[in-house]
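**Q** Now for the letters of each chain:
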Amino acid sequence: MEQLTNDLVESLQRIHKKMAEGESLSAEDTKALLIHLLAQEDK
Amino acid sequence: MNAARKVDDQFTPDQAEKKTLAVLQLTRFGDVIQTYQAALELKEQHPHLRLILIARKKFSGPLGFLLKNVFDKVYALDFPELAKSDRLAETSKNLTDFIAAISAEKINVLVNLSFSKSSAYMAQLIKADHKLGMVYDERNQLHLNDTWSQYVYSNVMGSAFNGINLVDIFKFIFGVRGTKTALPMENIKTTKRIVVHAFASNAKKRWRSTKWIEVLFKILRENDQLEVVLVGDKNEQAAAEQIRTAPVLDPFVKRIRNEAGKMNLEGVSQLFTPETIFIGHDSMVGHLAALNRSRIITISLGTVRPSETTPYIAGAYNIAPRSKCFPCFPQDNCDLHQCHADIPYQVVAGALGLLIKGEEVNAKTMVQATSLFHLSSVDIFKTEFSSADLLDIKSQLNHEPLLADVFRQVLRVTWLYSLGGVEENQNFPQLSSNGHKELLTRMAGLQYLFELCEFGKKYSRYILEEISSQVPSLGKIKDFSKKIDEIDSLQALVKKTHPQLAPIVDYFAVAKGNLSGENLVELTESSFVAFEDSRLVTSVVYDLLEKIVAEYKIKTTVGKMSKEEYHR
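Sequence lines, in order, name chains B and R.
-12 is the number of the first residue of the first sequence in the numbering used here; add one for each residue after it.
2 is the number of the first residue of the second sequence in the numbering used here; add one for each residue after it.
Derived from the structure by calculation, the hints contain no laboratory data.
The model shown is predicted, which means the values in this text are computed figures rather than measured ones.
From the three backbone atoms N, C-alpha and C, an ideal C-beta is built for every residue, glycine too.
Be aware that a few hints might be false.
[Said to hold, decoys possible] Simulated crosslink set (DSS-like; lysine-lysine; CA at most 30 Å straight-line):
#1 B:K30 to R:K513
#2 B:K4 to R:K438
#3 B:K30 to R:K59
#4 R:K128 to B:K5
#5 B:K30 to R:K479
#6 R:K205 to B:K5
#7 R:K128 to B:K4
#8 R:K496 to B:K5
#9 B:K5 to R:K94
#10 R:K263 to B:K30
#11 R:K365 to B:K30
#12 B:K30 to R:K205
#13 R:K496 to B:K30
#14 R:K438 to R:K395
#15 R:K325 to R:K496
#16 R:K58 to B:K30
#17 R:K483 to B:K5
#18 R:K94 to B:K30
#19 B:K5 to R:K459
#20 R:K479 to B:K5
#21 B:K4 to R:K20
#22 R:K94 to B:K4
#23 R:K365 to R:K395
#24 B:K4 to R:K85
[Said to hold, decoys possible] Derived CB-CB ranges, DEER-like:
#25 B:T(-8) to R:K483: 42 to 50 Å
#26 B:Q27 to R:K74: 56 to 64 Å
#27 B:H3 to R:L475: 28 to 36 Å
#28 R:V522 to B:K5: 27 to 35 Å
#29 B:K5 to R:Q471: 37 to 45 Å
#30 B:E15 to R:L184: 43 to 51 Å
#31 R:R88 to B:H3: 48 to 56 Å
#32 R:R462 to B:H3: 37 to 45 Å
With the rest of the complex left out, here is chain B (with noise of 0.2 Å):
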């Protein structure tokens, strides 16, 4: 799971800066968000 957790920091820093930003989140956001989740909890 290294290169997807290395491919997802990236995504989340940028949904981060979204979110405080108080813009709306893409599918693509939301997805990223969800494997981000479900990874967290596989282990």
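Got chain B; can you put chain R on it based on the hints?
**A** This is chain R only, laid out in the frame that chain B set:
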């Protein structure tokens, strides 16, 4: 066009009219089984409904032998398979395909029973006409559109005062009532086998093996025909073997089987015959025993809430500690595990011994089987279905109830009435002098909460009056809104001084966070209704506590009277 066929005076919808309900349950085995039990009742009452389950493959796969009885289709989320490329783009594409397949089902209602962040994001992505439970929107705002999901979020996840079994809560979310599919326990007096699950999903919830060894030693010594089967998953196999091969159990080793990691769940389920007793910690094995109508003893420790997760069958026993810190929360640090020590192995062995002989487990039989000393730090509950067909747990010992238990009981009656429209009768709890004083203090907190609700209604009304005036003043509307914010802050403070009132404050905080309305007028009207509902719930709880206090005073006064005075 007549879209219905008439069959024996009942109308059956044509295929095109069939509705589809999808259940999202991404949590663990026990939650999947409890979802299954609630869905059984839903299917029984609405046989023409198409039911779909979305669950994790590692939990739904082994339970397939059950799930196929009620779900028309199971979508199994296999995250390791989805993520096998170890790249985000590929994983995201696989996830898209998975969700697209679900969305193609044309779902009328999606019910998220998982109450986790991941499930709330998944619920956003799945297409459905209506969604219940936790759902995030595109602005990352969490929505809980139905009252019972708001209850779970505020009272089940957020507090230890929920007194309603999760299967009943799931049924309320589905909109069904009744217990047609909850079969009674087999009334068998002979026991050939004990199935033991000595493990749990985390260390807080399970005893150390030494205590289980003590229990098994006593039981095997006193019952020379009894077989013991240790069950668990592959990770628990070694620990189960340590129990089986403990030196003190050597004389009985031929009667102890270690099946941990060797049987699938269908095999474990088949162990539960009428002559079997299950004993173990809070885990899905107890729920499997309930589905097979076996006798059950659950030992609740750590974060376990007996009223919520006890196996859904009447006549099951649940042994819980009377430790002040029980139940705790997952985030609470604990190295001491006082609750583990507060359940002596003698109590567990005593209760199990009684059940093996076909006897009841109650105050009288337990004092004979153990001692008052051993029983002082535990409570033993037995499940029963109430007059309202809802599972409840009743103490079998004569202890004075803990304040938390009194509030759990009072809040249960209140929430069932205000959210479910259900009137349930309960016996008065037996208070002590200290318990009586504590209740009076909490009643003062309720009065304060009641007044805050009245103020909340007042300022909501002022906003509505100002909006409908000839020349509405934005300044006044802002001032009234600030007052409502202050009221919300003061209600949050009440939680700190009166933690037993947190369920009421938290529920209505969640309800107000999910107000319906597209404009300021509609939102303010919803706010008014929320404060009114909060006021009603507060006054119901106050009335119930008042009655309990009055009952205590009557009993105390009668108790102090001499025989002559009483009969005069």
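**Q** Hints numbered earlier in the text: which of these fail when held up against the supplied structure?
**A** When the structure is compared with the hints, numbers 1, 2, 5, 6, 8, 11, 13, 19, 21, 26, 31 turn out to be violated.
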